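Asker: Chain by chain, the residues:
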Amino acid sequence: MKPASFEYYAPTNVDEALARLAELGYGVKVLAGGQSLVPSMNFRLAQPPALLDLNNVQELFYIRPTSDGGVAIGTMTRDSQVEHDALIKEKFPIIAAAMHFMAHPQIRNRGTFGGAIAHADPTAQLPAVVLALNGRMRIRSQQGERWVAAEEFFVGPFTSVLEPEELLVEVELPPTPAHSGWSYRQMERQAGAQALVGVAVMVSLDEAGKCRSARIAFLSVGETAVLARQAAQMLTGQKPTAELIHAAAETAANVDIEPGGDIHCSVEYRRHLAEVLARQALTEAFERAGR
Amino acid sequence: MSDLINVKVTVNGMAYEREVEPRMLLVDFIRHELGLTGTHVGCEHGVCGTCTILFDGSPVRSCLLFAVQAVGHEIRTIEGLGTIDHLHPVQEAFREAHGAQCGFCTPGMIMSVLPFLEENQDPTEQEIREAIDGNLCRCTGYQHIIQAVELASDKLAEQRQSVKEGR
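Listed in order, the protein sequences are those of chains A and B.
First residue of the first sequence: -19, per our numbering; consecutive thereafter.
First residue of the second sequence: 16, per our numbering; consecutive thereafter.
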């Protein structure tokens, strides 16, 4: 179990990294934290001819407030740094809550926020959380820069809209509106293992106590993190009563998602978990929003 | 084979310099190039935790890093703690509380626990369980390891107290 040979490039700034990507295209793989890439290289599931290591690109390590009251996270910011950051805790407590389930502290010390997004693992926590938070990705290439909403970013298992010459440089999270509530729930077979199902929920209430917005993002139920749109539509503009939350969770689990089954979890069990977790998460999120 | 890359790195306070292929994992570098075999190789995909080392003070998996990525960084391995005659308090606690059975997971356990106990000086049992949830042990059933960490916490508290009193 040793990786195959590769050429190693360790640029010290983004321009240098982009030049290398433009030159090598599909012939190079970006190495961020490496907590998913290196295991697959050890197994030789991945045998990239070259690695572009971003760990010396200091300009990609940051957490900073944005002018509109949101937060921008540089792609190489370590997960553990995000997890324990005071600004993130204050503005987006859902992130630390979800990260608690992300592998182990030793992995989060090395793994990066942007790396987990770019990897686009449908069973990972952060894509679903960023989807629930309505985040957007800042992508750069030598041709320039573009922004892609989380809803457009993930296109399939381990596949995003990133072109081979492009680099995800930042994840931007917009501010959450007043009277917002959050919840993260998941079920896994052992601590740090893949979620059988997980759900990240963000809701907000209007002055009358009706649901202004709801974003319900599942992981481990499809080819990407999945937004439960019909369930959200049922809730929007309505008083979030227990009955309505029940009905929305049922819709989320039976209409909005098309989960597959595997040795650990049948389709029926996955839908069951999705319903129960969505109900719990919505109830908790609306409670928090009402405080 | 790719070109060899020069790796200068500090391990347990000692400076080392070697020429290695980029594909060499840090754990293999530590064991085979430096001869520090206290860091163990288990699953080689980041699950078992036995290769845990301190990288600039933070516990990480040395099987998920390449040696070339350690250039200019500070590494601490189990060899950097105590000596046979003067064990580190955490090592002493693992011995006294029978926190090691076959001993294979022990270096990783201790390297995970060390920074945890620096940050959390009076951990609850639940916090200890979470701190070691990334380290697998196939022998003990964890009970004695948890007791060892509790004992280690007490020993470190005693040590801090005696430093404070100037003893």
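Any given hint could be a false lead.
In silico DSBU-like pairs for lysine-lysine, Cα to Cα no more than 30 Å straight-line [to be verified]:
#, chain 1, residue 1, chain 2, residue 2
1, A, Lys(-18), A, Lys69
2, A, Lys(-18), B, Lys23
3, A, Lys71, A, Lys(-18)
4, A, Lys69, A, Lys219
5, A, Lys(-18), A, Lys9
6, B, Lys179, A, Lys9
Okay, the calculated beta carbon distance ranges per label pair [claimed, not checked]:
#, chain 1, residue 1, chain 2, residue 2, range
7, B, Lys23, A, Gly136, 26 to 36 Å
8, A, Tyr249, B, Glu142, 17 to 27 Å
9, A, Val247, B, Asp71, 38 to 48 Å
Calculated from the structure, these hints are not laboratory results.
Note that the structure is predicted; figures quoted are calculated from it, not measured.
By construction, the Cβ of each residue, glycine as well, lies at the ideal position given by its N, Cα and C atoms.
Asker: Which hint numbers does the structure go against, in order from smallest to largest?
Answerer: Checked against the structure, the hints that fail are numbers 1, 3, 6, 7 and 8, while the rest are satisfied.
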